[in-house]
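Residue numbers (this note's numbering), protein chains in the order written: chain U, 501 to 819; chain W, -6 to 478.
Be careful, since some hints might not be right.
As the list claims (entries may be wrong) - Selected chain W positions facing chain U (Cβ under 7 angstroms, derived; list incomplete): (1) MET231; (2) SER234; (3) ALA235; (4) ALA243; (5) GLN244; (6) GLY247; (7) GLU249; (8) LEU250; (9) ASP255; (10) THR268; (11) ARG269; (12) ARG273; (13) LYS333.
No lab work stands behind these hints, which were simulated from the structure alone. Every residue, glycine too, gets a C-beta built ideally from N, C-alpha and C.
Next come the chains, spelled out residue by residue.
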Amino acid sequence: MLSRTADHLFWMNRYTERAENTARLLDVNYQTSLLPQSRAVAQAGWQGLLSISELLDRYRDQHGEINALEVMNFMVKDENNPSSILSCLRAARENARAVRGTLTTEVWETQNQTWLEVKRMLRDGLLEADPGQFFEWVKFRSHLSRGVAVGTMLMDEALHFMRLGTFLERADNTARLVDVKFHAVETDFYGAATQRDQEYDFYHWSAILRSVSGFEIYRKVYRDVIRPERVAELLILRADMPRSLHASLNEVVANLRMVANDASTETQRRAGKLRADLQFGRIDEILATGLHAYLTQFLDRINDLGSHISQDFLVQSAA
Amino acid sequence: MQAFDEMYTQLPYAFFSQGAQVRDHYKPYDAWLARQPGDTMAKRREEAELIFRRVGITFAVYGDKDEDGAGTERLIPFDLIPRIITAQEWRELESGLVQRVTALNRFLHDIYHDQEILKAGLIPRDQIERNAQFRPEMRGVSVPNNIYSQISGIDLVRVADCQGKGQFFVLEDNLRVPSGVSYMLENRKMMMRLFPDLFNLHRVEPVAHYPDLLLETLRESGPATTAEPTVVVLTPGMYNSAYFEHAFLAQQMGVELVEGQDLFVKDNFCYLRTTRGPQRVDVIYRRVDDDFLDPKVFRPDSTLGCAGLLDVVRAGHVSVCNGIGTGVADDKSIYPYVPKMIEFYLGEKPILSNVPTFMGRNPDDLAYMLAHLKELVVKQVHGAGGYGMLVGPAATAAEVEAFKREVQAHPDGYIAQPTLSLSTCPTFVESGIAPRHIDLRPYVLSGKKVHMVPGGLTRVALKEGSLVVNSSQGGGTKDTWILED
């Protein structure tokens, strides 16, 4: 297929996935902010959210002090913020429009409808009226777009590039999510000294679980109270947890294999190696090196994979 | 003079006239309409708009912003009342269109080769060779089937004659990148969705096989270098006003939709950049104007084309459809000669008539034009899309004066035609059902044979009394029904 087409498909799905994960992250922060807590803790939550999205400086330039309402607006409907949900849905739809002939009617109409509706909902003040419901809607539009693609598209390169985009973005986003605690309090992992802090820890980790729809899964897999190291294990190493790094990398590797070309050997090797590290990794080793350091390195490798995929397939120069 | 109405022999004061003055072929529709509860049409219109938006059947208006100040995507207003043509009328139209397009293709081949028509003195040589649309680069280049215009959109209007009967005239030939066919197809789909019962009452000729015919035509137009040609649609990109149509046609034909940046030329062949390396292209259905096709030969600043493409065309290694240089045959300054071409190349009498046309380059015609601007429609020879024209009777004195100065300064650049009272068709507008002026653009496909689907795009001027049907000027569209016998 055309390199440019593959590029649009790849980014269409990356943006859709990013919008979903941003909604998940905001939802968790919003729900957490409803718990009784100190102003400082609440602020730290919103700040962590901006920080893992690498948007803290941009936000401060525009708005100064951290304020829940402003952060929500910034992350949902600020058109100048390229990572806001609105910007992501616009970018997903623009990418879809550029290759609408490659998409099935259902896939295109889903993207187009999402865009038309998000504009209407924001205009009608539905975010302010019920943020939880708005975030739920964003998540379900993303579920729908994946389902419609898998349910209607020919299983050819087009679908593989779309899936590649979804899971590369998901690996990136989940890694950031697990890292959020570090950014919020700037201490690594445990270290909750007081009873109060331990309680907060519980809510923090269970919120993270809920944000990836993993709360029930955790109970089912571990039959245990919420322990940070197990949450980390679930979200990093479990291959059967659909939003974990390992599961995402499995999909990246599989889809990459389906589109392999003469130039892509090195890219496949790097993806395979990253997957193998997750497959054979152990949580106590990861914690020994430090979770934040581990995730930082993981994000670098995902970023590197992204540029290799781009070089090999998406911006082919004249041969 | 009263306009010919497609539905009524005499316009009633109010619609739902118990069928008294309804033409025979509209009687079933009229009876159906009379049976509909009052708000049916309004509801259906709302439904149609929602669907068109969701499906994204939009066009871009250059230089406009929508309510968010961002996009420029608009819907073309779709009218719910069909324009109905009888089988007999269509047969005559069809034979006239095939004849005309055949002659136009013969003409294009001739002027890029032996120029017999110029030698015979039927058309002044300088009108061809000094025409900006004439491409000397194409002289002596042979093209598959000797066909230059594979896809031709011929604009027809119906005008009442002295007996009050309607007669079709050709208003304009579009041989470069005629657009609108996707609306013909989508309008039919929409009508069948909104009013399935109407299609039980009428035997309407289907049009949905147009993309198949188009693909067949394009494949037949492939270069001799391959028996299994790879066909692509070349678009200027998603910000082009007709982008929806480009994407739609590529998808319906199952071929790639490409932009200039996806193509490159190597060793005198044209290739696509794909995820698996270069892939050769044989037929390019281009929706990009000549000027932008090849920055090495035409506009050097163009990023919409492919550098070196013309050389590949000249080598016969790729077919560009429509061919490069077709614009010289649909230019408004050449239009008056088409009836002569038909007689010259085919030895036949033209079946379809031209609208009488005054050419600014002829001193007698010019004098008449300048004296009668208020009654005439004056058009720029190279204008298109309803831009750069004056509708005399509707213009203010100041507009007429301004145009007069233009015409005096560049008489060669203008032609004029009598203001035709285009036929009207009942149309569902804000105030209810009222007559509005319409035209008709059928699409003629020329490969090894000439094909058409029975139908075309009916455009309607939604403003009361307006004669301008272009979508860029507030026109809408209607479904066009050719009835079976």
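Hint check:
no., hint, result
1, MET231, "holds (5 angstroms)"
2, SER234, "violated (14 angstroms)"
3, ALA235, "violated (13 angstroms)"
4, ALA243, "holds (4 angstroms)"
5, GLN244, "holds (4 angstroms)"
6, GLY247, "violated (9 angstroms)"
7, GLU249, "holds (6 angstroms)"
8, LEU250, "holds (5 angstroms)"
9, ASP255, "holds (5 angstroms)"
10, THR268, "holds (5 angstroms)"
11, ARG269, "holds (5 angstroms)"
12, ARG273, "violated (12 angstroms)"
13, LYS333, "violated (42 angstroms)"
Hints 2, 3, 6, 12 and 13 from the earlier list are contradicted by this structure; the remaining hints agree with it.
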